[in-house]
Every structure is written in structure tokens, then in C-alpha cells.
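Participant: Heads up: the protein sequence lines correspond to chains A and B, in order. The numbers in the first sequence follow our numbering, run straight up by one, and end at 459. The numbers in the second sequence follow our numbering, run straight up by one, and end at 402.
In short, the hints are calculated from the structure, not lab data. Don't take each hint at face value.
Stated by the list, open to error - Calculated lysine to aspartate or glutamate pairs in the EDC-like style (CA-CA distance at most 16 Å, straight line):
#1 B/Lys342 - B/Glu286
#2 A/Lys344 - B/Asp179
#3 B/Lys237 - B/Glu367
#4 B/Lys283 - A/Asp145
#5 A/Lys344 - A/Glu421
#6 A/Lys276 - A/Asp212
#7 A/Lys161 - A/Asp212
#8 A/Lys344 - B/Glu175
#9 A/Lys344 - B/Asp365
Stated by the list, open to error - Cβ-to-Cβ under 10 Å is the rule here; a few derived chain B residues that face chain A:
#10 Ser102
#11 Glu104
#12 Ser199
#13 Ala201
#14 Tyr204
#15 Gly219
#16 Ser240
#17 Leu253
#18 Arg256
#19 Arg259
#20 Pro322
Unchecked claim - Each pair of labels, with its calculated beta carbon distance range:
#21 B/Arg145 - A/Ala435: 41 to 49 Å
#22 A/Ala173 - B/His313: 45 to 53 Å
#23 A/Met201 - B/Gly289: 28 to 36 Å
Backbone N, C-alpha and C define an ideal beta-carbon position, used for all residues, glycine too.
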Amino acid sequence: MSHILWITNGRVIDPANGRDAVGDVFAVDGKLVGSLTDQQQADATKVDAQGLVVAPGLVDIHVHFRYPGQTHKEDISSGTRAAAAGGFTSVVCMPNTSPVCDNAGTIQRIIDKVSRDAVINVYPTGCLTLGMKGESLAPTGQLKAAGVVAMTDDGACVQSNEIMRRAVEYAKMFDLPIMDHCQDESLTEGAVMNEGEWSLRLGLRGWPKAAEDIIVARNVILSEITGAHIHMQHVSSAASVDILRRAKDRGVPVSGEASPHHIEFTDAKLANYDTGFKMNPPLRSDVDREALIEGLCDGTLDCIATDHAPHTATEKDCEFDYAPFGIIGLENSLASTLGTLYHSKRLTLSEVIALMTHKGAEICKLDAGTLSTGATADICIFDPDEAWTVDAEQFFSKSRNCPWHGATVKGKVKATYVAGKQVFDGSTITA
Amino acid sequence: MSQSLSWNRKDLIDVEFLSREEIETIFTAATAFKKAMEADDNKQPYLDGRTVVNLFLEPSTRTRLAFEVAASRLSADTITVTGAASSLTKGETLRDTAQNMAALKADMIIMRHSASGAPHYLSEVVDIPVINAGDGSHAHPTQALLDAFTLLEKFGSLDGKEITILGDILFSRVARSNIICLQKLGAKVTVAGPSTLVPKGFEAMGATVCHDLKKALENADAVMLLRIQHERQTSTHFPSIGEYTSMFGLNKARAKWLKPGAIIMHPGPINRGVEIDSELADSEQSVILQQVTNGIVVRMAVLHLCYCHHKGIPIELPT
Chain A
29 MSHILWITNG RVIDPANGRD AVGDVFAVDG KLVGSLTDQQ QADATKVDAQ GLVVAPGLVD
89 IHVHFRYPGQ THKEDISSGT RAAAAGGFTS VVCMPNTSPV CDNAGTIQRI IDKVSRDAVI
149 NVYPTGCLTL GMKGESLAPT GQLKAAGVVA MTDDGACVQS NEIMRRAVEY AKMFDLPIMD
209 HCQDESLTEG AVMNEGEWSL RLGLRGWPKA AEDIIVARNV ILSEITGAHI HMQHVSSAAS
269 VDILRRAKDR GVPVSGEASP HHIEFTDAKL ANYDTGFKMN PPLRSDVDRE ALIEGLCDGT
329 LDCIATDHAP HTATEKDCEF DYAPFGIIGL ENSLASTLGT LYHSKRLTLS EVIALMTHKG
389 AEICKLDAGT LSTGATADIC IFDPDEAWTV DAEQFFSKSR NCPWHGATVK GKVKATYVAG
449 KQVFDGSTIT A
Chain B
84 MSQSLSWNRK DLIDVEFLSR EEIETIFTAA TAFKKAMEAD DNKQPYLDGR TVVNLFLEPS
144 TRTRLAFEVA ASRLSADTIT VTGAASSLTK GETLRDTAQN MAALKADMII MRHSASGAPH
204 YLSEVVDIPV INAGDGSHAH PTQALLDAFT LLEKFGSLDG KEITILGDIL FSRVARSNII
264 CLQKLGAKVT VAGPSTLVPK GFEAMGATVC HDLKKALENA DAVMLLRIQH ERQTSTHFPS
324 IGEYTSMFGL NKARAKWLKP GAIIMHPGPI NRGVEIDSEL ADSEQSVILQ QVTNGIVVRM
384 AVLHLCYCHH KGIPIELPT
């Protein structure tokens, strides 16, 4: 007996296919189809999406699910449930686990765990260098064979230009993108927040934008000479956007992502030393915030990625200097991004959905992010206008380190489907 | 003297939150304590039977001693806990350390901490008064208050007075608190020193930024020298101590650039021969030791006011 899904009456927005109209979405046995036979229609599970948006399941190419080794913060079960509740159906996990993902065995371990515990699609990444130490190359070919979709030392930017050059040159042979957390560490020793007026006032060590800009520029140069695709993670600085824009104009194969918090907040949020706003890269100035939005609007930045980085309340409950970097955002990412980009009238609904679906998927070459006939039936149904108050205590994530806690946002996920099966019904996980 | 002082804070975290009136209230109380001290009336009863904990998680001599003396002259029992002797070295969190102190019936906590913002955090964790004795590069409110108190003793009013703060401004909590406090009292503040330690960004706090020592000194009514904070720098901020002294060290020849009657201040600890010539530190122009003495009465005032507000008791002063 086939499993048949028929979502009707919704405003179907599928940016990859230029579709934005009220209509139907059909899926048979987990794949999207163009129409149903009369018999299939009779057998279908019918979902009325009147007044709601029916979009491809959201894609986030930058999350930390902390498995293996740091499962007190998050694990595959809690992380994928948080993602499903946020409308996400595919995520790319960073390799800074314990042990780190610099060997095929650890990737296999994650894939096994995902097959048992995950309610959405999870794609691992491999470390660029052994131990994420930036000294010698990780076994890229073996990691690719084990299933990674990108190479990255996220959180520990490769400092040696020689190692980075060889790493990207080598990864290109396997057609794997390199994702880089752009940070020149010589400029950020002891730094805990953006360098600027607020860091001076608060007496906190500043993380200058130049530390990001220098590495973004380096990566552009290395991408240009090697032809390798380098993706800049969580771009936070106006000058980095400018460097990327010029590089893309020349046809250099670089890309970039922006995070919901960097396009919404500035470093003024740190006035009370709230560790809930401590992340890396740090919140920047209003000029940077505006430049990131511009970059998203003109295509310089390719996608939105949350950098969902769970830490326990205990870990964050301390002096600002000692708190770990990172915040979580999967469960409110859609609403927060809609607030900053759509409700503010900077982008259309379709453009925002593109940033959160197929554009990220294309960077990592995932089979995700569209409602194309024949594609896997990963679907997100949401009400773009429904207001709700973010309550981190109610999150599916194990952690609560969410800077939007208590904020009223607009845009509520009503259902999430993975391969045609409902995994989230608007309030509970149904997988 | 008016006995109807009004004070509405249990904590002193930062001068930034204080109004000019509040600062003047502290000085009114400090003046009363100073008069009593000068009349050899050394013990005031206001914190009798109370326990004041000095939680000093970063090395300190002057500030710690001044708080101990201030608390003991208010008749409090004082307990000092230093970083090395605390359970923080065993992995206890600041929250737990502080809550244990509250559970041990401490009545106030005075904290010195190397992390900026730590007293702010502490004040949210415990209900008893928290007094900031210096946090990271952020704030040192009682130092700024005693500096302003010393200047007021000298000049009567700070309205229109020009104060130059010279040295390592970037890493200095004393500089930050003074920039804020002195401006609240009507003074103009210039911050001076090498460009790497005195970034332009301080203009956003209302200060004039100057890298020319002569210009920084010639209009100053007072110059406040700061130590080079080796422990906070990443060693890349200037070539060497020798170069610093040759460019920005205050010596007798350079002190001549100052107006007659201008005074020299230093919060200590002094590095003689580095930021200031030994002779100058001991000269007539120097009020460095007056600052230290005033540190007692200003801190007595702060402890007394915050405790009275916390307990909801009327503020009495020695007569």
C-alpha cells in the first residue's frame, strides 16, 4: 500500500522552480509527484493548508548537534526534533565533536546514530585538518566515501595559508565544498565580543572585524588560484560582504552565509553582560548588520544558516569572559528571519524561503530544498503572520541558550514532513 | 550637616549608573567620616555585628586594605577571601561561592574580579549588597569616587576643570570609571598615551583623545597617571617599557609643562621610573597618599549607604 500525501489549498512557494501560487502538493511514497490518479486521491492523507504557506522543508547547512561526545548539550534525537519543530528537514552538522570528525569511523558512528534517532535528514561534515589542529590534512577521500558533504574546521579556522591552500586544492578533487569559519586568531586572542564602542565601554576584549575580513580575503585569493569552492560561514562584517561581492563579480567560486542573529542584533545587546548573546563571530555594529542584509538581498550572501550551537544553562551561567561562545536558533530561525527580512519588507516571502531552502542545499549539493517533481517530499507548512512568544523552556533542544527567549516573533511552523511523512504537527513531534 | 540623605541602591557596580546627586551624597557622607577620622573618632557603629566579605579574586593591596579598614571602622567584622584560597580553584562557580557566603550570613560582598561584568552578574545572584572593587578592564567605581573626592578637596568644584588621564587607558578600569565620573561632576577629560593603548573609541565616552604629551599636560588642572598593565596586555601594544617611559613617562622636565598648582595623581600601584619619576611621586604636587587616605572614607560612605538602603534603615552620620 502506497503512502500518499495531498496538501491542498495552501500558498505553495517553491523558489527553485519559480512557483508561488495557491495549489496542491502531492507525494507518493516519499517522492513529490505532479498529480494523483483518482484512486490515489481517494487513498491520500489530505491536509488542508488554507491560509498557510507550503514550502520545501527548510535547510540549514550549519548546526552543531554535539554527537558524539558532548551529548549533555544536544544529541541527534533532540537536535533533529528541534530542527523539525523549526520547519527544517535537512541539516549539515559541524565536525567539532568529541572525538572530532577527522576519520571515517566517527562519520560512520554519526550516520548509524542518525539512522536510529533522527527525525529529519542529517548530513555530516569532515574536518579539514587532523584533530582540527590546522597542521595536516584530514583523509578527505575516506571522509567523502563515509558520507560527508563538506570539509570544515568550523570554530578553529586554519591559520596556516599553506595548509589551507593544500586543503582546498585537495578537496576540490573530490568536489567537496570547504566551509571556513573566518578568524585570524592572532587578532582575537582573549576576545569575547566585537571590538568597538561597546567593547571599550564594557571593558571586554574586542574581536576586530579585520580578523574576519583578512581570512575572507585570503580565502577569496585561494579560491581564485585553485578553483575550489570556499564557503564563508556566518559572515558578520560589512567589509567581508564587500570582499565577497567583488569576488563573485569576478566569478570566483566563493559563497557565504549569514546567521539570523547577526542580521537582527548588534553588540549593544551585550550592555548587561548577558552570556546569552555571546557567540563567535560576535554581534557587530548596525553598519555591519545592514551590510549583511544588503548582501542577502543582492545575492552576495547565499543563504541563512543558524549556527545552532547548544550549551547548557550551567555552562552559560558564569562570568561573561568564561562563558562558551554560541547560541541556539533552530526553533525560531524561520520566524526571526522572516521578521528581519520579510516583515521588514526587505525581501519577498519567496526570496526568504530561497535563502532557507535550495540556496543552502546547492552549496552542499544536497538533494533538498525544492518541491520539484521527483524530489524527496520534504515539506514545511507555516503561517508567516502568526505571532508567538519564544519560550526556550519549551524547546525540543536540550539547551536553552537562545537570545530570542521571551521575544514575540511572527511566523509559526504548522507542520513538517520528511519524505512525505509528518514529523511535526505544529506542537508535537509525530515521527 | 544635613542628616536627611537619600540613597536608593543596595549595590555599587559602576559609576555609570549614578547621578551627580548620588555622587554628591556619597561625598557628603565621606566628608562626615573624614571629619570624624580627623577628630580621632575612629570607630563608627553603623555596621556593628555585620559581616562584610572581601572576595578578592585578583591581586590587590590598596583597595583590599582600604575596604578592610573602611569596614572595620564601621565596626563590621571583615573576612577576606582571595582567589588562591577560595574554592573557585577547586572548580566551584562564582554563583555557588557567593550563595554560600550569603548562606553563611555575610551581610555584604565586596568583590574584585579579573572578568569584566562579574559584579553585575554577582548582584543578580545574591540579594545582599554587592560592591565592585574593580572588574577586569571595566569599572572601579570606588577608585573614581575617591579620585573625584580628592580633586574636590583640592579645587572645591570640578566644573570646567581639565583632567588628563595618562597611560594605559585601554586596559584600565580606573580610567573608564574616571572618564565617566569626572564628566558627571562637570570636568573635561583628556585621555593620553600611545595610540595602541588610547584608541579613538574613547571619544564616544566624551573624552578627548591625545597622543601628544605636551598638549595633554599644558591645560590640565590635574594629571592622573596609570600603570602599564602587563598582566592584561598581549605584549604587542608598544615596543618596550623603555620606549614608553621615553615618550610618555612623567618626569620633572615634563612636569614643568603643567600649569602652576596642577596636581599629580596615581591610583597605585606605582611603577617608579616607568610612568612617573620617583621624585615627582614624592613631590608637593603629588596627592597620591591623600588619595589612599580618602579611599577609606569614600568606601565607608559607600558601604554605609548601600547597607542602610538594603535594610531600609535611616542614614545616620557622625556629628
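Participant: The structure should be examined with respect to each hint, and the outcome stated for every one.
Facilitator: Going down the list of hints, with the structure as the test:
A hinted pair counts as satisfied when its Cα atoms are at most 16 Å apart, and B/Lys342 with B/Glu286 does not qualify at roughly 24 Å. A distance of roughly 14 Å separates the Cα atoms of A/Lys344 and B/Asp179; the hinted pair therefore holds under the 16 Å criterion. Annotation: proposed proximity of B/Lys237 to B/Glu367 holds, straight-line Cα distance about 13 Å (limit 16 Å). Between the alpha carbons of B/Lys283 and A/Asp145 the distance comes to roughly 53 Å, so the proposed pair goes past 16 Å and is violated.
The hinted pair formed by A/Lys344 and A/Glu421 meets the criterion: a straight-line CA distance of about 15 Å does not exceed 16 Å. Distance restraint check for A/Lys276 and A/Asp212: the Cα-Cα separation of roughly 22 Å exceeds the 16 Å cut-off, and the hinted pair is therefore not satisfied. Restraint check: the Cα-Cα separation between A/Lys161 and A/Asp212 comes to about 14 Å, which is no more than 16 Å; the hinted pair holds. Between the alpha carbons of A/Lys344 and B/Glu175 the distance comes to roughly 14 Å, so the proposed pair stays at or under 16 Å and holds.
For the hint pairing A/Lys344 with B/Asp365, the CA-to-CA distance comes to about 47 Å; that exceeds 16 Å, so the pair is violated. Evaluation of the B/Ser102 hint against chain A yields a violated restraint, the C-beta minimum of about 18 Å exceeding 10 Å. At about 23 Å, the closest approach between the beta carbon of B/Glu104 and any beta carbon in chain A exceeds 10 Å, and the interface hint on this residue is violated. Checking B/Ser199 against chain A: minimum C-beta separation of about 4 Å stays under 10 Å; hint holds.
With a cut of 10 Å, the hint placing B/Ala201 at the interface with chain A holds, because the nearest CB-to-CB distance is about 5 Å. For B/Tyr204, the shortest C-beta to C-beta distance to chain A is roughly 6 Å, which falls under 10 Å, so the interface hint holds. Taking 10 Å as the C-beta contact cut-off toward chain A, the hint placing B/Gly219 at the interface holds, the least distance being around 5 Å. Hint status for B/Ser240 relative to chain A: violated, with the closest Cβ pair at about 27 Å, above 10 Å.
Taking 10 Å as the C-beta cut-off, the interface hint given for B/Leu253 holds, the closest approach to chain A being about 8 Å. Hint on B/Arg256 holds. Least Cβ distance to chain A is approximately 6 Å, under the 10 Å limit. Given the 10 Å rule on beta carbons, the hint for B/Arg259 holds: about 6 Å separates it from the nearest Cβ of chain A. The restraint placing B/Pro322 at the interface with chain A is violated, with a minimum CB-CB distance near 18 Å, outside the 10 Å limit.
B/Arg145 and A/Ala435 have their C-beta atoms about 45 Å apart, which keeps the hinted 41 to 49 Å range intact. In this structure the hint that A/Ala173 and B/His313 lie 45 to 53 Å apart at CB holds, the actual value being about 52 Å. For A/Met201 and B/Gly289, the hinted distance range of 28 to 36 Å is not satisfied, since their beta carbons lie about 58 Å from each other.
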